[in-house]
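Protein chains: 2
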Amino acid sequence: MAQTPSLPRSLAVSGHTSGDELVLSAADLHDFARGAAFLGTGGGGDPYIGRLMAQNAIREFGHPKIISPEALADDATVAFVAMLGAPTVLNEKAASGADIDLAVTRLAERLGRPIDALMPAEIGGVNSAVPIVAAARLGIPLLNADGMGRAFPEIQMVVMNFEGIRATPFVIVDEHLNSVIVETGSARRAEEFVRSVAINMGLSCIVAGYPMTGAEAKRATVTGTLTEALEIGRAIEAGRKAGDAVGALVRRLSESAIYGHACDLFDGKIVDLRRETTAGFSMGHCRIVSLTDPSRTMDIQFQNENLVALENGAVKAIVPDLITIVDRETAEPIPTEALRYGQRVKVIAAAAPRLLTTPQALEYVHPRCFGLDFDFTPLVKPAD
Amino acid sequence: MAQTPSLPRSLAVSGHTSGDELVLSAADLHDFARGAAFLGTGGGGDPYIGRLMAQNAIREFGHPKIISPEALADDATVAFVAMLGAPTVLNEKAASGADIDLAVTRLAERLGRPIDALMPAEIGGVNSAVPIVAAARLGIPLLNADGMGRAFPEIQMVVMNFEGIRATPFVIVDEHLNSVIVETGSARRAEEFVRSVAINMGLSCIVAGYPMTGAEAKRATVTGTLTEALEIGRAIEAGRKAGDAVGALVRRLSESAIYGHACDLFDGKIVDLRRETTAGFSMGHCRIVSLTDPSRTMDIQFQNENLVALENGAVKAIVPDLITIVDRETAEPIPTEALRYGQRVKVIAAAAPRLLTTPQALEYVHPRCFGLDFDFTPLVKPAD
Numbered sequence: 001m002a003q004t005p006s007l008p009r010s011l012a013v014s015g016h017t018s019g020d021e022l023v024l025s026a027a028d029l030h031d032f033a034r035g036a037a038f039l040g041t042g043g044g045g046d047p048y049i050g051r052l053m054a055q056n057a058i059r060e061f062g063h064p065k066i067i068s069p070e071a072l073a074d075d076a077t078v079a080f081v082a083m084l085g086a087p088t089v090l091n092e093k094a095a096s097g098a099d100i101d102l103a104v105t106r107l108a109e110r111l112g113r114p115i116d117a118l119m120p121a122e123i124g125g126v127n128s129a130v131p132i133v134a135a136a137r138l139g140i141p142l143l144n145a146d147g148m149g150r151a152f153p154e155i156q157m158v159v160m161n162f163e164g165i166r167a168t169p170f171v172i173v174d175e176h177l178n179s180v181i182v183e184t185g186s187a188r189r190a191e192e193f194v195r196s197v198a199i200n201m202g203l204s205c206i207v208a209g210y211p212m213t214g215a216e217a218k219r220a221t222v223t224g225t226l227t228e229a230l231e232i233g234r235a236i237e238a239g240r241k242a243g244d245a246v247g248a249l250v251r252r253l254s255e256s257a258i259y260g261h262a263c264d265l266f267d268g269k270i271v272d273l274r275r276e277t278t279a280g281f282s283m284g285h286c287r288i289v290s291l292t293d294p295s296r297t298m299d300i301q302f303q304n305e306n307l308v309a310l311e312n313g314a315v316k317a318i319v320p321d322l323i324t325i326v327d328r329e330t331a332e333p334i335p336t337e338a339l340r341y342g343q344r345v346k347v348i349a350a351a352a353p354r355l356l357t358t359p360q361a362l363e364y365v366h367p368r369c370f371g372l373d374f375d376f377t378p379l380v381k382p383a384d
Numbered sequence: 001m002a003q004t005p006s007l008p009r010s011l012a013v014s015g016h017t018s019g020d021e022l023v024l025s026a027a028d029l030h031d032f033a034r035g036a037a038f039l040g041t042g043g044g045g046d047p048y049i050g051r052l053m054a055q056n057a058i059r060e061f062g063h064p065k066i067i068s069p070e071a072l073a074d075d076a077t078v079a080f081v082a083m084l085g086a087p088t089v090l091n092e093k094a095a096s097g098a099d100i101d102l103a104v105t106r107l108a109e110r111l112g113r114p115i116d117a118l119m120p121a122e123i124g125g126v127n128s129a130v131p132i133v134a135a136a137r138l139g140i141p142l143l144n145a146d147g148m149g150r151a152f153p154e155i156q157m158v159v160m161n162f163e164g165i166r167a168t169p170f171v172i173v174d175e176h177l178n179s180v181i182v183e184t185g186s187a188r189r190a191e192e193f194v195r196s197v198a199i200n201m202g203l204s205c206i207v208a209g210y211p212m213t214g215a216e217a218k219r220a221t222v223t224g225t226l227t228e229a230l231e232i233g234r235a236i237e238a239g240r241k242a243g244d245a246v247g248a249l250v251r252r253l254s255e256s257a258i259y260g261h262a263c264d265l266f267d268g269k270i271v272d273l274r275r276e277t278t279a280g281f282s283m284g285h286c287r288i289v290s291l292t293d294p295s296r297t298m299d300i301q302f303q304n305e306n307l308v309a310l311e312n313g314a315v316k317a318i319v320p321d322l323i324t325i326v327d328r329e330t331a332e333p334i335p336t337e338a339l340r341y342g343q344r345v346k347v348i349a350a351a352a353p354r355l356l357t358t359p360q361a362l363e364y365v366h367p368r369c370f371g372l373d374f375d376f377t378p379l380v381k382p383a384d
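As they're listed, the protein sequences go chains A and B.
When we follow full-length UniProt numbering, the leftmost residue of the first sequence carries the number 1, and every step to the right adds one.
When we follow full-length UniProt numbering, the leftmost residue of the second sequence carries the number 1, and every step to the right adds one.
If you're looking for bench data, these hints aren't it; they were derived computationally from the structure.
It cannot be assumed that every hint is accurate.
Ranges of calculated distance between the beta carbons of each label pair, as one might list FRET restraints [unchecked claim]: (1) B:S186 x A:D75: 36 to 42 Å; (2) A:G112 x B:D75: 21 to 27 Å; (3) A:R275 x B:A338: 54 to 60 Å; (4) B:R219 x A:G112: 32 to 38 Å; (5) A:A215 x B:A338: 52 to 58 Å; (6) A:G164 x B:E60: 33 to 39 Å; (7) B:G371 x A:T357: 48 to 54 Å; (8) A:Q360 x B:E109: 27 to 33 Å.
Examples of chain B residues lying across from chain A (beta carbon under 8 Å, computed) [stated by the list, open to error]: (9) H176; (10) N178; (11) V180; (12) V182; (13) T184; (14) G185; (15) N200.
Sample of chain A residues with no beta-carbon within 12 Å of chain B, all distances over it, derived [to be verified]: (16) F193; (17) R195; (18) K218; (19) D264; (20) I270; (21) R287; (22) L310.
We put the CB at the ideal spot given by N, CA and C, even for glycine.
Go ahead and model the full structure; you've got the sequences and the hints to work with.
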């Protein structure tokens, strides 16, 4: 499993996107991680651990080539690579690298052909970084795209599945390099097997799955999300300097071709928080009370990711739309496992990417798929 | 996955063993199933379901070639095939055949070479029949040997593991042809992953694993156990006609080169029985009271298989030695899931095969491995 480090590559232009290529400098990785944390909607693990992993891999192996799905040959082989588990556990362990190599290698062995490009399963948190690490270590190009345009807790909740691509063969590897390959008729069944193995592996594993062709990757992924995460992070940073971080964040999301509109739902202080790791997930909710009107409260319920925001019991935003809690001054996204009593926060919602709200997508990411007894009411741009 | 039925083979001589070959006729299968039920020590699933599966497969595909491990080339590839789950569930479902084919095929694919011979994981119950079905369906020779010389509940409890052979790659397939391939550093870790997947598959799956060479199969299996099961079944049948079924069973076991001695531990009636399917096993115990002296009781504790026999609290027999409850008149072995209140039974114990009592074997099948707080006191031949 040992990798020979590749020779240092020529220094790339910071954050430069030219045609089908994006290069993430060390400075960019800060912005990228912050943007990915926002898109992680509370889940996906700690983006700063992800950033450190990506920095180390780039230092050792050089920058991965990041390409647009459009640059793929139609018969290329693409797969995703990710960490899987409960964010509370993911933050205590980091992938060694050998586990990432093994997951991709096992998948290629099972397919009987090499993987031509890797992609993130989700753009949120640590899982925006794991594919960067994998692509750098293995010298395989990385797609500027992901399977969700956000983060979701389960493996059937990806655009590839909504668009009819098989989840399996699906590989799971633990830190001791034990590995499991799952092959099932449905992505939901794969999720059940994978979750039971992941629980046994201590809820911190590397997975590789959803092998597909280049042609499939072009139509069945959310494209441009690596660039989007970088731009969101940059907007927050620029907004801080200009004195309106949250405003800059909301404006950037509203201009995005992927999300299209967003709003600042609530401004308040966390007064109640319940969180437990159960059935392989970080489950819980928090309550926020308005700073100016104590009769107004917002409740946020989460399963790894934030699922629904209720103001005094009325739905203000709900999956598959994005809900992220951020620091009310700095707009720093706060993962569910970092929520604390007394934090002063704003709740930001953004419209889901188009491929998450199709009828076939809602079979997998409708609020009822998360056990919520609500309809999906898409976020509407507030009149202003 | 479709199999072309092989042409009918010439009718074989009933129960004939010549050199390295054993042929099981339909009549033999009755005796063989009864003998395997005895060696199953209460577990391994219902041998009569196994017999029907084997009969059907032989009718459709012809007799499998049964060979001695000595007949293998040293570089041949051998693996075991079995059903895995709780006997209470195994009896409600039977393997379709396609699941057996897929388990063996997936293992061969992962190894990158064909399987030259199959063997039973254990000689008990349904798992003495599944390899017959597999060998008949796939036209692969079957070894006259198994991994335990009895039945045990977990996959690390086989002679191959005691003798240093890796359990993995290990394949699990369910009735819907979902499949999982596990690769671990230890057999105990493989057991944990396999059990969690098996629970998710509804505790009735086909497994294939412990790939090894012919040279390994010669030294690290219990050889001759298919013949032994047949001879035990025949001895019971002959004993019934002579009016002493239990006596004939005990005599046959005492003459066996594999078991060497056996005894009739207890004669009584079942007065208490507790049984539940939990953590992937059929767990429980039963109490038997003497027919002649009500102050004498025997308690039998089981995890799929019978683990310990205590007379008024004192150990009379304990794993890895064999303990089987039989009908007191017919010596019919009674699996744990067929035990009933009021049954009149005898408890028979037999010495474990030599390879189960080595120091390295006792690391896996010592009474404490089953949560029993007793030393292993090998069965001694009673003075008579």
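Open item on the list: Interface hint check: B:H176, Cβ to nearest Cβ on chain A, cutoff 8 Å. Holds or violated?
Closed with: holds, 6 Å
Open item on the list: Quick check on a hinted range of 33 to 39 Å for A:G164 and B:E60, using CB atoms only.
Closed with: holds, 36 Å
Open item on the list: Quick check for students: does the CB of A:K218 sit more than 12 Å from each CB in chain B?
Closed with: Holds, since 29 Å exceeds 12 Å.
Task: Closest C-beta approach of B:N200 to chain A relative to 8 Å, hint status - done: Interface hint status for B:N200: holds (5 Å vs cutoff 8 Å).
- [ ] Check the non-interface label on A:D264: least C-beta distance to chain B beyond 12 Å or not.
- [x] Nearest chain B Cβ is 43 Å from A:D264, so the label holds.
Open item on the list: Let's test the interface hint: is any C-beta of chain A closer than 8 Å to that of B:G185?
Closed with: Given a least distance of 6 Å, the restraint on B:G185 holds.
Open item on the list: Verify the CB-CB distance for B:S186 and A:D75 against the hinted window 36 to 42 Å.
Closed with: holds, 40 Å
- [ ] Take the C-beta atom of A:Q360 and the C-beta atom of B:E109, compute their distance, and say whether it sits inside 27 to 33 Å.
- [x] With a Cβ separation near 32 Å, A:Q360 and B:E109 satisfy 27 to 33 Å, so the hint holds.
Open item on the list: Just to be sure I understand the hint, the distance between the Cβ atoms of A:G112 and B:D75 should be within 21 to 27 Å; is that true here?
Closed with: For B:D75 against A:G112, whose Cβ atoms are near 24 Å apart, the range 21 to 27 Å holds.
Open item on the list: Would the non-interface assignment of A:L310 survive a Cβ cutoff of 12 Å against chain B?
Closed with: holds, 33 Å
Open item on the list: Given the hint of 32 to 38 Å, is the C-beta distance from B:R219 to A:G112 inside that range or not?
Closed with: holds, 34 Å
Open item on the list: Is the claim that A:I270 lies outside the interface with chain B correct, judged by CB distances over 12 Å?
Closed with: holds, 36 Å
The structure does not agree with the numbered hints 3, 16 and 17 stated previously, though it agrees with the rest.
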